[in-house]
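Participant: Top to bottom, those sequences are chains W and C. The numbering of the first sequence is numbering that gives the first Met the number 0, which starts it at 0 and goes up by one. The numbering of the second sequence is numbering that gives the first Met the number 0, which starts it at 0 and goes up by one.
Calculated from the structure, these hints are not laboratory results. Each hint should be verified, as a subset may be incorrect.
[What the hints assert, rightly or not] Taking beta-carbon pairs under 7 Å as the criterion, some of the chain C residues facing chain W (in silico):
| # | residue |
| --- | --- |
| 1 | D30 |
| 2 | L115 |
| 3 | Q152 |
| 4 | L158 |
| 5 | D164 |
| 6 | L165 |
| 7 | G166 |
| 8 | P179 |
| 9 | G208 |
| 10 | L243 |
Cβ atoms here follow ideal geometry from the backbone N, Cα and C, with glycine treated the same way.
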Amino acid sequence: MTDGARHPIVSLRDVEKFYGSYHALRGISMDIGEGEFFSLLGPSGCGKTTLLRTIAGFEEVSSGHVLLDGQNMDGVAPNRRPTNMVFQSYAIFPHLSVAENVGFGLRRSGLAGDEKARAVDEALAMVGLAGYGARSAQALSGGQRQRVALARALILKPRVLLLDEPLSALDKKMREQMQSELRRLQRHVGITFILVTHDQEEALIMSDRIAVMFEGEIAQLATPQELYRRPVSREVADFIGVMNFLPAEIRMGSGTAVEADIAGLGPAAIDSAQCPGALRPGRAEVGLRPETMTILPEGAPGEGHVAQGVVAEQSYYGDMTYYVVRLDGVDQTVTLSMKNRIGRAVLEPGMPARVSWDPRALLVFSG
Amino acid sequence: MKGRGLFFYAGIYLLFLYAPIILLPIFAFNDSTIIAFPLSGFTTGWFAELATIDALHDAVRNSLFIAVLTAIFSTLLGLCAARAATRYRFPARGGLMTLIMTPLVLPEIIVAVSLLVVMVQLLDLRLSSWTVIAAHTLICTPFCIAILNSSFQNLDASLEEAAIDLGESRFSTFRLVTLPLVMPGIIAALLISFTISLDEFIIAFFLTGSEPTLPVYIWGLLRFPQRLPAVMALGTILVALSILLLIVAEYFRRRGVARAGKEDSGGFL
């Protein structure tokens, strides 16, 4: 899948990487567009960092090619590539000041001293650290180090900025703040950002497109919305957000009519667009997102699809409440989320719950 | 009380450790040729006598020459080995490092005798300061590797990658990032190997030719009882210098740890 609207700045062609007998990258091919905020998302050990380092030039491909702006990068050293990297540890030079860190890459630029100083000031202002130049790099907090690392990489105006889990060392509040700042910064400079992360929420929030990687392969490459709504496999569906999986029996009716008989929920009509693979009769699993289900208030008329159950667990998040409901008649629970509104009571474990669900939200994964 | 017993033990231990060394300055300033209590009076005469012994000056010059070159050679070798051991994966890396580090625990007398045999019998070299330098480099290099290994391990590998990523070559990265950050380790290695070489006796005794090093010269002096107080004065100076060097080395090691932004996990002192 290529983002046709954009000129591809990074092109990967059948990239393979072996460490001895370990197959770290398996036939990766994709294009990343100019000005795109692109994420490589996957669990640890899936090869996302290896892929990023391959683009940077720190790892050589075993076979295949990395093209940057149409140029084949075979055998091109990292210092000759139009990429810059923000390292997971930030890699701030501890023996240099903030300004010396940020201006490090300008040593070979041929700029005069005052031009360099101006560029450093501009870069620091861009990341919100104006006036920090004279400080020792060691006196900075985690969030400030992160910004220095960004300024140091962006000052060289790379075609592609590579970010290796840049937010994983920050606390939650700081991380959320940096997420929106990074997004804003990326729109401002218009440089392609490639972010490596294991945090699916972070990837969804920040990215134009996301490549989900499992075991050295790209499982799905899609926009955040596509990825969340139309995961191509059970693994992707399970990795992105919360998904309830329930066993079901698929029955083909006459014409295009298909029915799923779902354990604990009952029968529902579905159409083939709800199944990423080929729809086959027989045993399957259906997926339902927590927010597509609601618990009906007591005495409310139950229209459409309603299942009866008992609240097993409750987690109160302030704005939301997550419930685990044990469905009557089967050994099966579903997790669902409810917005907390004025006048809506928070249910406690042990209370009965009528769960309303929407068959249009179902995803079918054939075994 | 249990704690008091342990304190007593620690006190006795320290007394055995340092009492002989404390005796050095006491007798160095004692106005008598006989090394015995009671003390007879204060004098700085023995220090003045040191200034008049030409053979002693030659020995000092010799020892300094050997120690400086040993420090440089073993630190350079240690730098290469430590960098390779911490940054690269190569076959038999563990085994090789063990072999390189072994002189650390080998009895010096064995090293001395075998080197004497090799240099004189097999290589037919004339014994000189250079044979001592070669041997001292052999025994000092493991110490340098041990010090520099920890410097390189404290150094985040992504710092070097960041410099390369920002356009520097491997060599300029080494000069701009690696070297400044391991410099405290290098200085510590220089000082430690300098100190070891300066007061090493057994190897120097076997391998010096006609120009003795300071420890060998001091050993020679012991045959003349009237020289004993002067030896005490010389010893006092050497102890003071050694302590000074160790303090300087430790200062640089700690500064290195602080520079690399790491927790101090303990050093020599």
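Participant: Evaluate each hint against the coordinates.
Facilitator: Right, here's what the structure says about each hint:
For D30/C, the interface hint is violated, the least distance from its beta-carbon to any beta-carbon of chain W being 53 Å, above 7 Å. Interface restraint check for L115/C: the shortest CB-CB distance to chain W comes to about 45 Å, outside 7 Å, so the restraint is violated. Given hint, Q152/C at the interface with chain W, is violated; its Cβ is 14 Å from that chain's nearest Cβ, farther than 7 Å. The closest approach between the C-beta of L158/C and any C-beta of chain W is roughly 5 Å, which is under the 7 Å cut-off, so the hint is satisfied.
Annotation: D164/C was flagged as interfacial toward chain W, and the flag holds, the nearest CB pair being 5 Å apart, inside 7 Å. Checking L165/C against chain W: minimum C-beta separation of about 4 Å stays under 7 Å; hint holds. Restraint check, G166/C versus chain W: the minimum CB separation of about 5 Å is within 7 Å; hint holds. The criterion of a C-beta within 7 Å of any C-beta in chain W is met by P179/C, whose closest approach is roughly 5 Å, and the hint holds.
Because the beta carbon of G208/C sits about 45 Å from the nearest beta carbon in chain W, more than 7 Å, this interface hint is broken. Interface restraint check: L243/C against chain W, minimum CB-CB distance 26 Å, threshold 7 Å, status violated.
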